[in-house]
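A.B. asks: Here is what each chain is made of, one letter per residue.
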Amino acid sequence: MIAFAAEDNCLTCHKDIEDEDGPAHLITRDIHFQNGLGCADCHGGDPSLDDMDDVRKSAGYRGVPNHLQVPDFCARCHSNASYMRNHNPSLPTDQLDKYKTSVHGKRLFENRDTKVANCVSCHAVHQIGDGKLPHSSTHPVNVPATCGKCHADPAYMVEYNIPTTQLDDYLQSVHGKALIERNDLGAPACNDCHSNHGAAPPGHESLAAVCGNCHVFQMELFDRSPHKTAFAENDFPMCETCHSNHRIEKPHDAMVGTSGGAVCADCHSADDGTRAFVVADTMSTGLYKLVSARDQAKTVLDDAIAKGMLTTDVELMLGEVDQALIKARTAVHAFGTAEFKGKADTGIAKADTVLARSKALIDNYFFRRKGLALATLFITIVAVCLYLRIRKLG
Amino acid sequence: MMTAPSETKATSKSRAHNWLDQRFKISALVDYMGHKVVPVHGHSIFYYFGGITLFLFIVQVVTGILLLMYYRPGADSAYESVRFIVSEVAFGWLIRALHSWSANLMILFAFLHMFTVYFTHAYRKPRELTWLSGVGLLALALGFGFSGYLLPWNELAFFATRVGTGMAGAIPVIGDELLVIMRGGEEVTGATIGRFFGLHVAILPALFTVLLSVHLIFVQRQGMSEPLEWQHLPASQKKYQKFFPNFLYRDLLVWLIALNVLALLAVVFPDGVGPIHWPLGTKADPFAPPPPVIRPEWYFMFAFQALKLLPPHVLFIEGELFGILLFTIGGLIWALVPFLDRKSQVNQRSRLYYAFGYVVLAFIIIMTFLGYVAE
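Sequence order for the protein chains is H and C. Positions 1 to 394 (my numbering) are the ones given, in order, by the first sequence. Positions 1 to 375 (my numbering) are the ones given, in order, by the second sequence.
Think of the hints as simulated: they come from the structure by calculation, not from any bench. Hints are supplied without guarantee of correctness; some may be wrong.
With a Cα cut of at most 27 Å, we get these calculated DSS-like pairs of lysine-lysine [unchecked claim]:
| id | chain 1 | residue 1 | chain 2 | residue 2 |
| --- | --- | --- | --- | --- |
| 1 | H | K298 | C | K283 |
| 2 | C | K242 | H | K392 |
| 3 | C | K36 | H | K392 |
| 4 | C | K238 | C | K125 |
| 5 | H | K392 | C | K13 |
| 6 | H | K392 | C | K239 |
| 7 | H | K307 | C | K283 |
| 8 | H | K392 | C | K238 |
| 9 | H | K341 | H | K250 |
Reference listing, derived: stretches of chain C covered by chain H, where coverage requires no fewer than 3 residues with Cβ under 8 Å from a Cβ of chain H [to be verified]:
| id | segment |
| --- | --- |
| 10 | 246-253 |
| 11 | 259-271 |
| 12 | 352-365 |
Built from N, CA and C at the ideal position, the CB exists for glycine as well.
Could you put together the complete structure from these sequences and hints?
C.D. replies: Here it is, written out as structure tokens:
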């Protein structure tokens, strides 16, 4: 394959006339080139010819596409299922179709707006990388910066009348911190919610489906909750109403309740004719009780561990309390007390057992100490008697 | 006629004595013990190290038998049974802690005992065979440590045993076979526990009991070694004390102190402390990646560290093999010192063997230190 590329006359000449950033130099880092494709496979023409004028006249020469032509230029291969099956069968072939449904595609094809992104805006030109590789512009960790190149630039976005704070917000969000700071590739980048080739903001009605892609249990509970209809009727964006969109902060227990930073009070009041305040208070109190029971149990358990007691079983049970806490926090999304109370009460009961068993271990520790003191005293008395006997013997 | 209580007691005591004496001639034994004396001098403290080692061995036997009541060897039961012992069995944690602590202390005192014997030249004629049996006992004690380490079948034990048996596999000619014999196959598995268990509770105790009896009979027959300096002293300046009961009482006192220290350590640090620790941890999983730090027990650390420091090749020999060869030669010289040290045979101090002893001691201390610090 490399031998084929080396015989490419396009490269031979272009390398001489281009500087280090020129296509002929960049192409060696390109996944297409690395898989045996040469310049002529995209640009057409006969690569064995020496003279550029002859190449331009040769059969199939396509030259350099302009911004509007790029999607179709790439789609020649990428929308050709039989061709792609021979090269990369795992790659979908509907990118162009999806692109046409995207905000970018619509503006490009319908408004002939050449400022919107086409294939090369995100994938780069001549150094297109495999999205699985860390240096690629489409690797999950690099996606926010790739999108942010345009969307975080107020001057570039001025005519579109959409915010440019998404990247900053995302970087401070629980998702951004997980992906960028902790390199957790399970956390979503822009394309996981907005789709990549079909990029568009999710509508209010599809927002729960977007979040529910990962947060399955929360979505199921929400769909069965009274909020489902109320949000739809009032045209509230589903999850976003409480969690915001790009700047999603790590959820915390204070978000549930009727005072302070509780989001329930943003919409509900004590006399709004619903049971919302009662439900919110019940859930808030339940979470508070479970967390305090868990913390208290953990403190005593840590003490038992520090005292060198065997705590493996109790530690496992504390893990079950943590599980119950996660389930209770998830159950909040049912916005009713029945689902929640079951989970919270189980957690509190388990935390109480952990506390009782940890206390028993600590009692046992002191019992051992007392036993040791008695045994030591007894042995010491015998030793002293023996010593006196030895002294007497001389 | 009425008999006074004291008279009755004396009569029954002498009756029992007579009964036994007629059958076992215990008067001769009592006479012998009555005449036996122990030298008294500045280094008399060294006479107690062997006794402490013996006491710790007795603790090992007693606690070992108690652990045996609940321990079940096997890849599916070993870890679970040890966990049951330390968490459910009444005072099981104490028995395991005592067994582990006294194992470590026994090895420590065996080493101390050996070095004091070495540096006082107490191995000289007529105690050459006593020394040899002692070296044999130390080797068996190390075997106890190595075979016992695997029995809880936890992560650390599993990987440390894999490394340890792997080293045995590096021995030329017999290495491959030795490895298979030790492991009961190519890999460390449940079969290895079976072998190590048999070794730990049957083969080694049998050998140890025989060798220990021989060692103690030798010591009793020859008495305590007198310091080299005493040969120039007039008889009037040599001080002695009776073995029975004076020395025996002192020995018992030391044992009581050792028991107190042992109980304290077992209760306060049931899982050991610092580098000497034996937490049960997680069950061995042969398919899991090895833990980041695999360390042998502290008494193998010097050998482990020395082998680690060796270059891959020394004079066309593989580094590890070269190390094992060197240890074998060193060990042989050490065991045969009473026969090699000609000066000690004629009650003279031997600078060469003093120096050799210090080199060995310094080597062990430095390598052990490096093993724990150079991580």
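A.B. asks: Evaluate each hint against the coordinates.
C.D. replies: These are the hints, each one checked on the structure:
Distance check on the hinted pair: K298 of chain H and K283 of chain C sit about 24 Å apart at the alpha-carbon level, within 27 Å; holds. A C-alpha spacing of about 14 Å is found between K242 of chain C and K392 of chain H, which places the hinted pair at or below 27 Å, so the restraint holds. For the hint linking K36 of chain C to K392 of chain H, the alpha-carbon distance of about 20 Å falls within 27 Å, and the restraint holds. Between K238 of chain C and K125 of chain C the alpha-carbon distance is near 20 Å, which keeps this suggested pair within the 27 Å criterion.
Between K392 of chain H and K13 of chain C the CA atoms are separated by roughly 25 Å; this keeps the pair inside 27 Å, and the hint holds. Between K392 of chain H and K239 of chain C, the direct Cα distance comes to roughly 18 Å. Compliance with the 27 Å bound is thereby established for this hinted pair. About 23 Å separates the Cα atoms of K307 of chain H and K283 of chain C, which keeps this hinted pair within 27 Å; it holds. Taking the CA atoms of K392 of chain H and K238 of chain C, the gap is about 22 Å. The hint holds against a cut of 27 Å.
For the given pair, K341 of chain H sits about 23 Å from K250 of chain H by alpha-carbon distance, which is consistent with the 27 Å threshold. Beta-carbon proximity to chain H at under 8 Å applies to 5 residues in the segment 246-253 of chain C; the threshold of 3 is reached and the given coverage holds. Check on the segment 259-271 of chain C: 9 of its residues sit with their Cβ under 8 Å from a Cβ of chain H, so the three-residue criterion for coverage holds. Coverage of a stretch by a chain is defined here by at least three residues with a beta carbon nearer than 8 Å to that chain's beta carbons; for the segment 352-365 of chain C and chain H the count is 0, and the condition is violated.
Consistency with the previously given hints fails for number 12 only.
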